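Participant: Residue strings, one per chain:
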Amino acid sequence: MKTDELIALLARDAGPVKRGAIPRSLAALAFGGALVALVIMVPWIGFRPDFPAALADPTFWMKMAYTFGICAAGFLLAERLARPGATGRAGWLLLAACALAIGALAAGQLAMTPAAEIDVAVMGGSWDACPWYILALALPGLAAILWAMRRFAPTRATLAGAAAGLLAGGGAATVYGLHCDENAAPFVAVWYSLGIALTVATGAIAGSRLLRW
Amino acid sequence: MASDIETRLKTLMLRGLGGDAAAHAELLGALTVYLRSFFARKMGRSAADLEDLVQESLLAVHLKRDTWDASQPFTAWAFAIARYKLIDWFRRNRIRRTEPIDDASDLFASEDSTELSARQDLGKLMGHLPPKQRALLEDVKLAGLSHAEAARKAGMTEGAVKVSIHRSLQVLMKRVRDEN
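Going line by line, the protein sequences match chains A and B.
Per the numbering used here: the first sequence = residues -6 to 206.
Per the numbering used here: the second sequence = residues 3 to 182.
These are computed hints drawn from the structure, not numbers from a lab.
The structure presented is a predicted model; accordingly, all values stated were derived computationally and were not measured.
Fair warning: there could be bad hints in the mix.
What the hints assert, rightly or not - Pairs of lysine-lysine, DSS-like flavour, derived with a Cα cap of 25 Å: (1) A:K11 <-> B:K12; (2) B:K164 <-> B:K143; (3) A:K(-5) <-> B:K164; (4) A:K11 <-> B:K155; (5) A:K(-5) <-> B:K134; (6) B:K126 <-> B:K155; (7) A:K11 <-> B:K176; (8) A:K(-5) <-> B:K126; (9) B:K143 <-> B:K66; (10) B:K176 <-> B:K164.
The task is simple: from the sequences and hints, build the whole structure.
Facilitator: What follows is the structure, encoded as structure tokens:
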């Protein structure tokens, strides 16, 4: 087929294109992924025992704010990385801000913690389970977002997959905050972040293989 | 002038996205000329795959139109696609090259319109489509039937014809990538 013929053919397929499909899909799938995570979480590990009283606790909202901020950063990054040649700093800035905030809070709390209790503040009671629960809860959302990414045009597959992981991981960590009754900022800074990082790594590896077009 | 090119192509792209088929065709025609020159410089002027890569890039620009954000430069978007396809070609042909950090001005530098014949015949790849989809594509492409005429001939609605053609193009893009 000569190139002119191809162009004529493509012009025949040139119907109007609905705008805004990328942010809409990403938002819908991220929300859906979080919903699935919730549906899995409740029968599996349940809400935290002090729910809903925990809603009055500021540390509950501190956790929510951190994980939701990560999720929002993932959304901004994924939305840009789904497009060829798109630049955007907002996602990176938000990610850095979240990391700095939780780091500062954790350092501040540790500074006020007596030496004997530092171990508990950092390790809590569930350090070995927390990251894995977050990863497990993130997987359905991650799969859905990667599947959507294939229909877009990411030119940096590994980075796009990582952003998908950040989005799904942030959402799952937010849902996990409804189960987990650890309140210390050092714990959240280390173990929630590790769970999100595991999801980012999974997304990056999957992205490098799957996101071809 | 780089900004003139950006203005012209961006206008055509916006009109094409609004459903103006003639603007879309003009955009693809303009891109073809830049793509040929760009790939010829990067792949070697007599590369057998040159026209194939041009066609593959045009298919990608068309099928992934909805990934362009109107608040970003069109030339940067188009260049990213061309570069992506070029790097993919290097990888498939196991050519080790550290791509220098180009920017969009590298694609829109010159216009060279010598067309070589495509090595991989897109027309032949159409043979892999199911008969009904292939017949529709042939009617619209070769016989120049309108969507309405092709729909009448096939006993389908016009909307169904459009969907079928769009899907066939997506299959073709996958095939082109897998064959190369």
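Participant: Verify the proposed pairing of K126 (chain B) with K155 (chain B), using a straight-line Cα cut of 25 Å.
Facilitator: The hint holds at about 23 Å.
Participant: What's the verdict on K176 (chain B) and K164 (chain B), does the C-alpha distance respect the 25 Å limit or exceed it?
Facilitator: holds, 19 Å
Participant: Does the structure keep K143 (chain B) and K66 (chain B) at a Cα separation of 25 Å or less?
Facilitator: Satisfied, since the Cα-Cα distance of roughly 21 Å is no more than 25 Å.
Participant: Does K12 (chain B) sit within 25 Å of K11 (chain A), going by the straight-line distance between their CA atoms?
Facilitator: holds, 17 Å
Participant: Do the alpha carbons of K11 (chain A) and K155 (chain B) lie within 25 Å of each other, as the hint requires?
Facilitator: Violated, at roughly 29 Å.
Participant: Given the hinted pair K(-5) (chain A) and K164 (chain B), is their Cα-Cα distance within 25 Å?
Facilitator: Judged against 25 Å, a Cα distance of about 22 Å means the pair holds.
Participant: Need the status of pair K11 (chain A), K176 (chain B): alpha-carbon distance at most 25 Å?
Facilitator: holds, 23 Å
Participant: When you check the alpha-carbon spacing of K164 (chain B) and K143 (chain B), does it fall within 25 Å?
Facilitator: holds, 13 Å
Participant: Within 25 Å, alpha carbon to alpha carbon, are K(-5) (chain A) and K126 (chain B)?
Facilitator: At roughly 12 Å apart (the allowed maximum being 25 Å), K126 (chain B) and K(-5) (chain A) satisfy the hint.
Participant: Are K(-5) (chain A) and K134 (chain B) close enough, with their CA atoms no more than 25 Å apart?
Facilitator: Within the cut-off at roughly 23 Å; holds.
Hint check: a violation occurs at hint 4 only; the rest are consistent with the structure.
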